[in-house]
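From just these sequences and the hints, can you work out the full model?
Protein chains in written order, with our numbering: chain A, 1 to 868; chain B, 1 to 118.
Hint data in this document are derived by calculation from the structure and do not stem from the laboratory. Here a beta-carbon is modelled for each residue, glycine too, at the ideal position from N, C-alpha and C. Treat the hints with caution; some may be incorrect.
Unchecked claim - Footprint (simulated), chain A over chain B, 3 or more residues, beta carbon under 8 Å:
#: 1; stretch: 20 to 32
#: 2; stretch: 45 to 53
#: 3; stretch: 58 to 68
#: 4; stretch: 75 to 89
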Amino acid sequence: MRFPFWRRSRQEELGDEIESHLRMAAREREDRGETSRQAEQSAQREFGNAGLVREVTRDQWGWRWLETLFQDLRYSLRGMRRAPLLTLTVISALAAGIGLNAAVFAIVDESWFQAPVEKDPGSFVQAIPSYSGWFDTEDRFRGFTVKDFDAIRTQAKSLSELAGFSSAGGVKLDDDSTQSGLGMVTCNFFKAYGWEPIAGRPFLPQECATPGGSPVVVISEALWRNRYAADPHIAGRIVHINQRPYTVVGVIGGQAPAWMNPALWAPYTMQPEFYRGYDGFKHADYPWLTAFGRLKPGYSQRDAQAELRLIESQQDRLIPGRKTAVQVTNGSLFQNPDTRSFGLIIIPLIMGPMALILLVACTNVTMLLLSRAARRRGEIAIRLTLGAGRGRLLRMLATEGMVIAVAAGAISLYLAYKLPGIFWIFALGQRGYNSLGPDWTVLAYLAGVTLLAGCIAGFAPARESLKVDLLTNLKGREGATTARSRTRSILVIAQMAMSFVLVTAGVLFVRLQGSITSVDPGFETRQVFVVPMGVSVPPYTKESAAAFYRAVQQRVRELPGVRSASYATIVPFSEVVADEVRLPGEAKGQGRKAVVEHVSTSFFETLGIPILRGRAFLNSDVTAGANAKVAVVSSAFATAFWDRQNPVGKVAVMPDNKQVLVVGVARDTKSTEFDVPDGPRIYVPQDPQALTGSLMVRFDGDVRSLAPAITKTIRDLDATQAVAPTTLRSILEDRAERIRPLTEIVAFMALLGLLLALSGVYGVVAFSMSQRTREFGIRMVLGATKEGILLSVLASGLRQIAIGLLLGLLLALPAAWAFRGMVGNSSVFDLSTYCVGALVLAATALLACYIPARRAMRVDPMVALRYE
Amino acid sequence: MKSRYQNRIELLQGTLDLLILQTLQWGSQHGYGITQAIRARSGEALQVDTGSLYPALHRLERQKWIAAAWKVSENKQRVRVYRLTAAGKKQLLSERSRWEQLSEAIAGILNPAKGNEA
Numbered sequence: 001m002r003f004p005f006w007r008r009s010r011q012e013e014l015g016d017e018i019e020s021h022l023r024m025a026a027r028e029r030e031d032r033g034e035t036s037r038q039a040e041q042s043a044q045r046e047f048g049n050a051g052l053v054r055e056v057t058r059d060q061w062g063w064r065w066l067e068t069l070f071q072d073l074r075y076s077l078r079g080m081r082r083a084p085l086l087t088l089t090v091i092s093a094l095a096a097g098i099g100l101n102a103a104v105f106a107i108v109d110e111s112w113f114q115a116p117v118e119k120d121p122g123s124f125v126q127a128i129p130s131y132s133g134w135f136d137t138e139d140r141f142r143g144f145t146v147k148d149f150d151a152i153r154t155q156a157k158s159l160s161e162l163a164g165f166s167s168a169g170g171v172k173l174d175d176d177s178t179q180s181g182l183g184m185v186t187c188n189f190f191k192a193y194g195w196e197p198i199a200g201r202p203f204l205p206q207e208c209a210t211p212g213g214s215p216v217v218v219i220s221e222a223l224w225r226n227r228y229a230a231d232p233h234i235a236g237r238i239v240h241i242n243q244r245p246y247t248v249v250g251v252i253g254g255q256a257p258a259w260m261n262p263a264l265w266a267p268y269t270m271q272p273e274f275y276r277g278y279d280g281f282k283h284a285d286y287p288w289l290t291a292f293g294r295l296k297p298g299y300s301q302r303d304a305q306a307e308l309r310l311i312e313s314q315q316d317r318l319i320p321g322r323k324t325a326v327q328v329t330n331g332s333l334f335q336n337p338d339t340r341s342f343g344l345i346i347i348p349l350i351m352g353p354m355a356l357i358l359l360v361a362c363t364n365v366t367m368l369l370l371s372r373a374a375r376r377r378g379e380i381a382i383r384l385t386l387g388a389g390r391g392r393l394l395r396m397l398a399t400e401g402m403v404i405a406v407a408a409g410a411i412s413l414y415l416a417y418k419l420p421g422i423f424w425i426f427a428l429g430q431r432g433y434n435s436l437g438p439d440w441t442v443l444a445y446l447a448g449v450t451l452l453a454g455c456i457a458g459f460a461p462a463r464e465s466l467k468v469d470l471l472t473n474l475k476g477r478e479g480a481t482t483a484r485s486r487t488r489s490i491l492v493i494a495q496m497a498m499s500f501v502l503v504t505a506g507v508l509f510v511r512l513q514g515s516i517t518s519v520d521p522g523f524e525t526r527q528v529f530v531v532p533m534g535v536s537v538p539p540y541t542k543e544s545a546a547a548f549y550r551a552v553q554q555r556v557r558e559l560p561g562v563r564s565a566s567y568a569t570i571v572p573f574s575e576v577v578a579d580e581v582r583l584p585g586e587a588k589g590q591g592r593k594a595v596v597e598h599v600s601t602s603f604f605e606t607l608g609i610p611i612l613r614g615r616a617f618l619n620s621d622v623t624a625g626a627n628a629k630v631a632v633v634s635s636a637f638a639t640a641f642w643d644r645q646n647p648v649g650k651v652a653v654m655p656d657n658k659q660v661l662v663v664g665v666a667r668d669t670k671s672t673e674f675d676v677p678d679g680p681r682i683y684v685p686q687d688p689q690a691l692t693g694s695l696m697v698r699f700d701g702d703v704r705s706l707a708p709a710i711t712k713t714i715r716d717l718d719a720t721q722a723v724a725p726t727t728l729r730s731i732l733e734d735r736a737e738r739i740r741p742l743t744e745i746v747a748f749m750a751l752l753g754l755l756l757a758l759s760g761v762y763g764v765v766a767f768s769m770s771q772r773t774r775e776f777g778i779r780m781v782l783g784a785t786k787e788g789i790l791l792s793v794l795a796s797g798l799r800q801i802a803i804g805l806l807l808g809l810l811l812a813l814p815a816a817w818a819f820r821g822m823v824g825n826s827s828v829f830d831l832s833t834y835c836v837g838a839l840v841l842a843a844t845a846l847l848a849c850y851i852p853a854r855r856a857m858r859v860d861p862m863v864a865l866r867y868e
Numbered sequence: 001m002k003s004r005y006q007n008r009i010e011l012l013q014g015t016l017d018l019l020i021l022q023t024l025q026w027g028s029q030h031g032y033g034i035t036q037a038i039r040a041r042s043g044e045a046l047q048v049d050t051g052s053l054y055p056a057l058h059r060l061e062r063q064k065w066i067a068a069a070w071k072v073s074e075n076k077q078r079v080r081v082y083r084l085t086a087a088g089k090k091q092l093l094s095e096r097s098r099w100e101q102l103s104e105a106i107a108g109i110l111n112p113a114k115g116n117e118a
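Here it is as structure tokens:
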């Protein structure tokens, strides 16, 4: 015993003490006349078992548990050193499992549960109001009006800082063809988040004093580096935002949460500039400010919540009928009621596969250790016969699993430290806001997972080792029962089941990724531009705006290569809101949900949507006046409203109570949910006076030559327009691109699962083949053919694989169901995905069975019988 | 095997501790000496098992009732000699009174029974 240090000498002392006892006893006997040999023997006989006396005496010293722990540690280290390859495999498999888990947990923890600030996150709060009795749709707005915000700022004693944020969406910076995100903030916003300026200064309090008074901006570090080459003299430069001059006052550091992510920041008092004439300072009923703050020392979130509720209940008196409930959170996405429900789906979907990978890795380790445990039965049998307690042996063997887990945990600590940063860059193309490495939550999680892995990996092998039949094992022979272990086949089945879920998820994502761009949405995508447009009134008048829209359509149509150009209120592949459409005679509330789309008469031609029955719109439909309103309905609409009757000539009642005559039926499109036919949709000709809509342009020839021409045409009419024509196809590709990192991560996990399953099955089969060599020898001598034995081995493997796959299906179905809720009812969820997953896995697993089985068959029966 | 020894320690625990402490009260002594002393004083009736003696000695030492030191005996042997500490003397007193109470109580139970028989 090298530890504690005095232990060795104390052992020696005890030995000396006993020795002197024996000598004295012997001497006395000699004095009484016995011979020295006799005296020595009888003294020893009288003393009893000296080793045992020593042992029992040592127990009195305390520290006994530590001593046995060190014995166990030494034993397991020795065992590990004796089989370095096995140890290395086992530790790296576990480290990969634990490390991945901890890394992903760190990301989830940071992006969902932690306050979104680096500096003093404990005091950061977000105030989230929810209103009832104010708007038609309850709980839709999560912002404060300027009056509410001011009331809280001046009255709340629990907050030392109250900052507001609102997104202005995309703005046009100078002459850029793409838009840049702009955030409108109160002038203390950066202070509340704890960000420091890199160059120049943050906003001054007086810049938030008068609405519209301070055209200044602070730019983000990314914009500063990428666009201005980190110009140290950026402060003072004039930039144009939506054609209006602003002065850059500084560059701000710090990482904004991904959902804000603006390139530019402006004082919130500039809001009227960005909301196209809707003034948040004049309209008291417009809740547009998201509020963040810092708690004063000594106040809790609960105190702040109580105080803010009180303030808001006073504010409610100003707006009749409104009732406000304020919630104060730590600013994380998970505590925000709007994002929590999404989190409740997405977090299990992320952590579930991670848990599976860890479990698969654990079962792998268990199987490897099991095979060693079986080999060690002889040793265990000897220990048992010599009188070792089973509990003591169990502890000794379980320590081994723990040592492996702790070693793996240490390596995964490094992974947990390094991987999240890599994942962030990989998945989002940006640095995470907290790059300081894992915090205590993550470390605790890592430790928990490591211990769990150690228990799982170590316990079964330890138990298996103790399942010994003393006689057979001392003889050094395996009984038939021990060679075919039930634990092992259960493990194979479990591993198959878990890997199946992972592989299926991988197949699903790869298919999803591929099908986004390959699916036919039911209209042309490659040869159609979408040009988003917007006009503000003022400076436009209603008339001049309508004239502008008409002129744009007219001029774009005349461009060479353009076949047709139409306005539509709904851009394909964006979200839609369904309205209620009724049949004549139905009261409000009795109708059915349908999407109403206002389009130019040439819309169906532009997008290439075929008309199945009746006709498309004619120009005369618009000029005929309000009395002869017509509509084209989608097939789904026709089926929903008139079942199998011919809808042409039928009448429908629109949400505004006007009746329309159906003149045609258009084919269904797949434009909202991916690869899912749209629900009922009704198209009506757009009012020529309407001031909304995006321009769709159908063209022939090359994309690159036409896009600048369209931009120039529109800019010639109104230089303030931020025109960026994109094809529908590129919208789809963007979308496919957005899920690519996710696909790659899932595919990687699936591959890992597959590899782990492969090595697990291989290990088990190889081991059981080596144990059964003798049995095969006997069988062959008795007349079995090699092929017959091989088939029987494969068949039993196949049985385990099949059971595992069935169980895996039970696991995969609910997960797929939850996932389907997020991406829509796509055809990639059909049976073939599961079949592909099952086939891949089964083929791999059979191969893993076949190779060792094949090798076992090559052994000569006589050699096999003489084996051992 | 081990458990048999442990059981015996537990059975003897109270009395063995008392006997050891009492023996050391008469003077410092080594392990062998203690067994011999107890045997002699009890008129050969009490035979102390070494498997109980040494664990008891080490336990008492851990409780700081006795202290041990290496000395050289008259026979020029290195021996580990135990002596009673101040705390040990107190412990001896309390164990003695406990023992006396116990033996009185037992005697009280046994004697009337004897009387009835007679």
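Status of the hints after comparison with the structure:
With 3 residues having a beta carbon nearer than 8 Å to a beta carbon of chain A, the stretch 20 to 32 of chain B meets the requirement of three or more and the stated coverage holds. Check on the stretch 45 to 53 of chain B: 3 of its residues sit with their Cβ under 8 Å from a Cβ of chain A, so the three-residue criterion for coverage holds. Check result for the stretch 58 to 68 of chain B against chain A: holds, 3 residues qualifying (beta carbon to beta carbon below 8 Å, three or more required). Remark: the stretch 75 to 89 of chain B is confirmed as covered by chain A, as 5 of its residues place a Cβ nearer than 8 Å to a Cβ of that chain, reaching the required three.
Against the hints set out earlier in the document, no violation occurs for any number.
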